[in-house]
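Top line first, the protein sequences correspond to chains A and B.
The opening residue of the first sequence carries number -16 in the numbering used here; numbering runs sequentially from there.
The opening residue of the second sequence carries number 524 in the numbering used here; numbering runs sequentially from there.
In short, the hints are calculated from the structure, not lab data.
One thing to keep in mind: the hints can contain errors.
Unchecked claim - Label pairs and their in silico Cβ distance ranges:
(1) Arg864(B) x Arg(-1)(A): 50 to 60 Å
(2) Thr720(B) x Val22(A): 22 to 32 Å
(3) Arg(-1)(A) x Thr912(B): 52 to 62 Å
Just so it is clear, CB atoms sit at the ideal spot from N, CA and C, and this is done for glycine as well.
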Amino acid sequence: MKSPPADPPTSDESPRVPGFRHWRGIYLLVFAFFVLVVVLLALFSRYFA
Amino acid sequence: MNAFDWIVLLGTMIGIAAYGVWRTRDVHSLNTYLKGNQSTGWWTIGLSVMATQASAITFLSIPGQGFESGIGFVQNYFGLPLALIVVCTVFLPIYRRLGVYTAYEFLGRRFDGKTRLLSAGLFLVQRGLAAGVTIYAPAIIIATVLGWRLDLTIIFTGLLVIVYTVTGGSAAVSLTQKWQMTVIFGGMVTAFVVLLTKMPAGLGFGGAAHVAGAMGKLQAVDFSLNPDRRYTLWTGLLGGFFLSLSYFGTDQSQVQRYIGGAALREGRLGLMFNALLKIPMQFSILLLGALVFVFYQFEKPPVFFNQTEWRHHEQGANAATFHALDEKFNAAFADKQVKIRAWLKARETHDAVAETAARAAMLESQTRAGAIRAKAKAALVADDPRAKTKDSDYVFITFILDHLPHGVIGLLVAVMFAAALGSKASELNALGTTTTIDLWRHFRPLAAADEARNVRAAKWFTAMWGLVAIAFALYASLAENLIEAINILGSIFYGVVLGIFLVAFFLKRVGGTAVFWGAVTAQVLIFILFFYYKDRVAYLWYNLIGCVACVLFSLVLQLLLGRKAEKTHAA
Chain A
-16 MKSPPADPPT
-6 SDESPRVPGF
4 RHWRGIYLLV
14 FAFFVLVVVL
24 LALFSRYFA
Chain B
524 MNAFDWIVLL
534 GTMIGIAAYG
544 VWRTRDVHSL
554 NTYLKGNQST
564 GWWTIGLSVM
574 ATQASAITFL
584 SIPGQGFESG
594 IGFVQNYFGL
604 PLALIVVCTV
614 FLPIYRRLGV
624 YTAYEFLGRR
634 FDGKTRLLSA
644 GLFLVQRGLA
654 AGVTIYAPAI
664 IIATVLGWRL
674 DLTIIFTGLL
684 VIVYTVTGGS
694 AAVSLTQKWQ
704 MTVIFGGMVT
714 AFVVLLTKMP
724 AGLGFGGAAH
734 VAGAMGKLQA
744 VDFSLNPDRR
754 YTLWTGLLGG
764 FFLSLSYFGT
774 DQSQVQRYIG
784 GAALREGRLG
794 LMFNALLKIP
804 MQFSILLLGA
814 LVFVFYQFEK
824 PPVFFNQTEW
834 RHHEQGANAA
844 TFHALDEKFN
854 AAFADKQVKI
864 RAWLKARETH
874 DAVAETAARA
884 AMLESQTRAG
894 AIRAKAKAAL
904 VADDPRAKTK
914 DSDYVFITFI
924 LDHLPHGVIG
934 LLVAVMFAAA
944 LGSKASELNA
954 LGTTTTIDLW
964 RHFRPLAAAD
974 EARNVRAAKW
984 FTAMWGLVAI
994 AFALYASLAE
1004 NLIEAINILG
1014 SIFYGVVLGI
1024 FLVAFFLKRV
1034 GGTAVFWGAV
1044 TAQVLIFILF
1054 FYYKDRVAYL
1064 WYNLIGCVAC
1074 VLFSLVLQLL
1084 LGRKAEKTHA
1094 A
């Protein structure tokens, strides 16, 4: 039986997302979005308190 | 529910299951059966990961949580995006590079066979027992409210999920989850829009949010360091991070969703899709619950939302007590409505003093109504000590059945079942895969060469776990507080399994024997805490203690074993 296909050792390929050349940029975007969401939630709580 | 609702419900459930069976009827390759279609894109993976985590309880309990305690529960998910970034950078590339079918297979390659068996065994025990609850928990609520037979509801949903999961394996699970999530999103958006149209004229979203906020339901972020507070930014970040890391990184029901696909990129983007959307999604569901709370400030709610339970007691020997409570609650509701309208008027005048006084009166009337609800629950227990007093799970389904139009009712009940089927399918798929790859092939190494036999074995094991889950769900009604028992069981094992994986990824010098005995010792420590110090250590801490203990014991044992080896070598 064939073994399951594995990725080549250098599998850290480009994300192929417009505007991003490295995965690091995607992770930073996700982190920045997370911070923004927390800030917006805090402002939401304060506004409607 | 009328005929139109039934057509929507059964059409959605059976239609999606039949489509999954038909599209994956020709799956014969073990790789496709266990890891899904090789052409699967990030969009499907992302929805599949989301559907696996979102069980029916998410859509029944979380709006109830928003109704009862407000939206602060959203903080529990704050650690999730950070954990998913770690999974994308560390866990996923290694799983892909090694081409493993299960997360525990990776442990076998990194350490040895006994560590692989230990972690796979812990997963099977924990997830195997929890599998029954995934069917039972929504079935008991929906069957109670709609007056269906619980056993038939369990058997029907259980068999439906077994049919398409066994037929198409992982490929069918991902495909059906994509459509199930479409139904879920469509249903929840419809519920949100219809709810807003049901609010009193002129109130609108802004007014409703102000009422909810004034009554303390919209406190989303709590920066407090007070350890007595259940949900804060800090507990969400720390506890949520460890819980999400162990769930997404080491639980096969999640790992199996993202290790397949065309390339590493698809899995990573699928996980990042969840990292972006999970908090807004949970916030929306909680907000829906908070808005249902506002709706019930203007429309009289029942004193106790599990009306089947309430009616049962109301017709019993202590009927007078329950009728009196009903009347008291009606009076408190009428008074509260007057106070809320007075506060809304005071707000419009921009008179700060009048607004503050009106707000205080409104909150006082809210406290009075809350006290009557608490008395109602106490009366239920006084009448029958076995009475179920948690009614927040019944809030959203009561709202759906009492206030939404036909067709939308069928769609929303379909949302609950779609969520139940989606999460159940991932569990069965993972249990079948782990049993086949980590146990059956381990003890029958010669069978590994026969692909068709492997697929057959995986199908049999998936069906077996499905039947076990149905049997467990049918007997679950015998146990009290079952869901909490399952959560405790999960916490007992989760921490140690995460500890094993953290050692595997980050402590390259630690070997199999050290981590195996480190994990066993950490597990014994958790058992001691559970059996002898249950009252002193809350079970959620078992996750962190188990993980840290496993890592520390493994390091110490490696140090001792290393010195022993050095001495032997020198001699």
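ask   = So the hint says 50 to 60 Å: do the beta-carbon atoms of Arg864(B) and Arg(-1)(A) match that?
value = 56 Å, holds
query = Per the hint of 52 to 62 Å, is the separation of the Cβ atoms of Arg(-1)(A) and Thr912(B) within bounds?
reply = 54 Å, holds
query = Is it true that the C-beta distance of Thr720(B) to Val22(A) lies inside 22 to 32 Å, as the hint says?
reply = 31 Å, holds
Of the numbered hints listed earlier, not one is contradicted by the structure.
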